[in-house]
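Q: The lines below spell out each chain.
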Amino acid sequence: MDKQQLRQQVLEELQRIAPELEAETLRGDRPLRDEVDLDSMDWLRFLGALHRRFAVNIPEADYRQLHSLDSLIGYLQQRLTTASAQNLAK
Amino acid sequence: MIEFKLPSLGADMDEATLLEWRVKPGDKVKRGQVVALVDTAKAAVDVECWHDGEIFELLIEPGAKVPVGTPIATLLEAGESPPRVRRQAAPAAPSTESAPAASPMAAALVAEPALPPASRPRVSPAARKRAAELGLDPAALSGSGPHGVVTLDDVEAAAQPAAPVDRHAAMRQAIAAAMSRSKREIPHYYLSETIALGNAMTWLQACNAQSTPEQRLLPGVLLLKAVALALRDYPQLNGFWREGAFQPAAGIHLGVAIALRQGGLIAPALHDVADKPLRQLMSELGDLVQRARSGSLRSSELSDASLSVTQLGDQGVDCVLGVIYPPQVALVGFGRILERPWVEAGQLCARPTVIASLAADHRVSDGHYGARFLGEIRRLLQDPDKL
Chain A
1 MDKQQLRQQV
11 LEELQRIAPE
21 LEAETLRGDR
31 PLRDEVDLDS
41 MDWLRFLGAL
51 HRRFAVNIPE
61 ADYRQLHSLD
71 SLIGYLQQRL
81 TTASAQNLAK
Chain B
1001 MIEFKLPSLG
1011 ADMDEATLLE
1021 WRVKPGDKVK
1031 RGQVVALVDT
1041 AKAAVDVECW
1051 HDGEIFELLI
1061 EPGAKVPVGT
1071 PIATLLEAGE
1081 SPPRVRRQAA
1091 PAAPSTESAP
1101 AASPMAAALV
1111 AEPALPPASR
1121 PRVSPAARKR
1131 AAELGLDPAA
1141 LSGSGPHGVV
1151 TLDDVEAAAQ
1161 PAAPVDRHAA
1171 MRQAIAAAMS
1181 RSKREIPHYY
1191 LSETIALGNA
1201 MTWLQACNAQ
1211 STPEQRLLPG
1221 VLLLKAVALA
1231 LRDYPQLNGF
1241 WREGAFQPAA
1251 GIHLGVAIAL
1261 RQGGLIAPAL
1271 HDVADKPLRQ
1281 LMSELGDLVQ
1291 RARSGSLRSS
1301 ELSDASLSVT
1311 QLGDQGVDCV
1321 LGVIYPPQVA
1331 LVGFGRILER
1341 PWVEAGQLCA
1351 RPTVIASLAA
1361 DHRVSDGHYG
1371 ARFLGEIRRL
1381 LQDPDKL
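Read top to bottom, the protein sequences are chains A and B.
Counting from 1, one number per residue, gives the positions in the first sequence under the numbering used here.
Counting from 1001, one number per residue, gives the positions in the second sequence under the numbering used here.
Note that these hints are calculated values from the structure, not bench results.
Check before you lean on any hint, since a few could be wrong.
[Said to hold, decoys possible] Straight-line alpha carbon distances no greater than 25 angstroms define the calculated SDA-like cross-link-like pairs of lysine to any residue that follow: (1) Lys3/A <-> His1051/B; (2) Lys1276/B <-> His67/A; (3) Lys1183/B <-> Ser1357/B; (4) Lys1276/B <-> Asp42/A; (5) Lys1028/B <-> His1051/B; (6) Lys1386/B <-> Glu60/A; (7) Lys3/A <-> His67/A.
These numbers come from a predicted model, not from an experiment.
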């Protein structure tokens, strides 16, 4: 999956939690939870949705790597690449 | 015969518009069963019935706006036989079987009561076709066309729920009314205390490390549980001020302030918090937040809360000194959980802490009592295993 597709899918999940979100005005380099006004319950629901969609379980310890939308996409892409490499190795 | 009245929907909601009935005459209902859906300034609410019985008559129609306390249906008690004549059973009503026609509203809506029953109902062909598609009886609608003819628009309008209200303005009005009343009537006193959460956060991290996001606990759930447990020992903060006196609440139902995405807030009750394990509270809280935001709360959730809790830590504030939600007599606030300088055994260190605050009604309790209550919350949070 390329970065653009990944971004699109992440935005879909975000919009499910914040229906008023306008993807075009979301600034990818800003703190994501401020940009989208996600409280801790929203955030957990969002991570739950990513877990179900991409089978990537993001531990609490990695939250600091998910500062902005851009960094979240980077993180996810890396996790997905690692996962598929491991699958190939099997 | 039991008169079922529109139940209280919380201090800031004194009227509601019926959107739809979920029962019809003849239905057996159980206590707690949802019988109707109403719309209020803040949210659509599932109205629960508070009696076991059998629905005899529905007294209002969808679209009707009525104050809290208005009788909206009558119920027969178990074993009670129906009265011979229905109160509103006008002989002209053609279909007493289709329930709503029995109510005064419906009687008023039936078009042209003067017409002899044999004459053709005045319904435009397009309206008749559409009504058949929607499963409506066009003859039961009031016509807005020439000579009261039921038009396509009338049918479409009947199929729609009540016209949407300006939710934002209505919500501001509701909050304004409740909060003005609170500040006018309740002599608030305020206390705050910084509570160390080192143990709690370490415990939580360990607990969440092995979990998927769906299973994780939020710190806020620990705080809610600690408040509820502390209330067991401080009952003067758990209840209502009504008619010039304090009434302790029977259960510990915490109102949880939930910010709505479109603005405004609502504080539905999480029931029996002191008795439930943390995981159950977490899933119930998640469910409550989602339902509050999608507008599907139950009437008991809007009227039962015996003390409210507001957590504004996610917004980054250190401390919140709240406004009590009448007729409750206290409100607990939590700010942001953050590492702050802390002194432990003579050593300066950094520890996660939270500032807990209490706003309480001085007619019911005093600062000394409130301070001991906050101290109990602090003590409980030092031992998260027991929460």
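Q: Against this structure, judge whether each hint is valid.
A: Going through the hints against the structure:
The hinted pair formed by lysine 3/A and histidine 1051/B fails the criterion: a straight-line CA distance of about 57 angstroms is larger than 25 angstroms. This hinted pair does not check out: lysine 1276/B and histidine 67/A have alpha carbons roughly 34 angstroms apart, beyond 25 angstroms. Distance hint between lysine 1183/B and serine 1357/B is fulfilled; the C-alpha atoms sit about 17 angstroms from each other, no more than 25 angstroms. At roughly 23 angstroms between alpha-carbon atoms, lysine 1276/B and aspartate 42/A fall within 25 angstroms of each other, so this suggested pair holds.
This hinted pair checks out: lysine 1028/B and histidine 1051/B have alpha carbons roughly 10 angstroms apart, not beyond 25 angstroms. For the hint pairing lysine 1386/B with glutamate 60/A, the CA-to-CA distance comes to about 23 angstroms; that is within 25 angstroms, so the pair holds. Between lysine 3/A and histidine 67/A, the direct Cα distance comes to roughly 17 angstroms. Compliance with the 25 angstroms bound is thereby established for this hinted pair.
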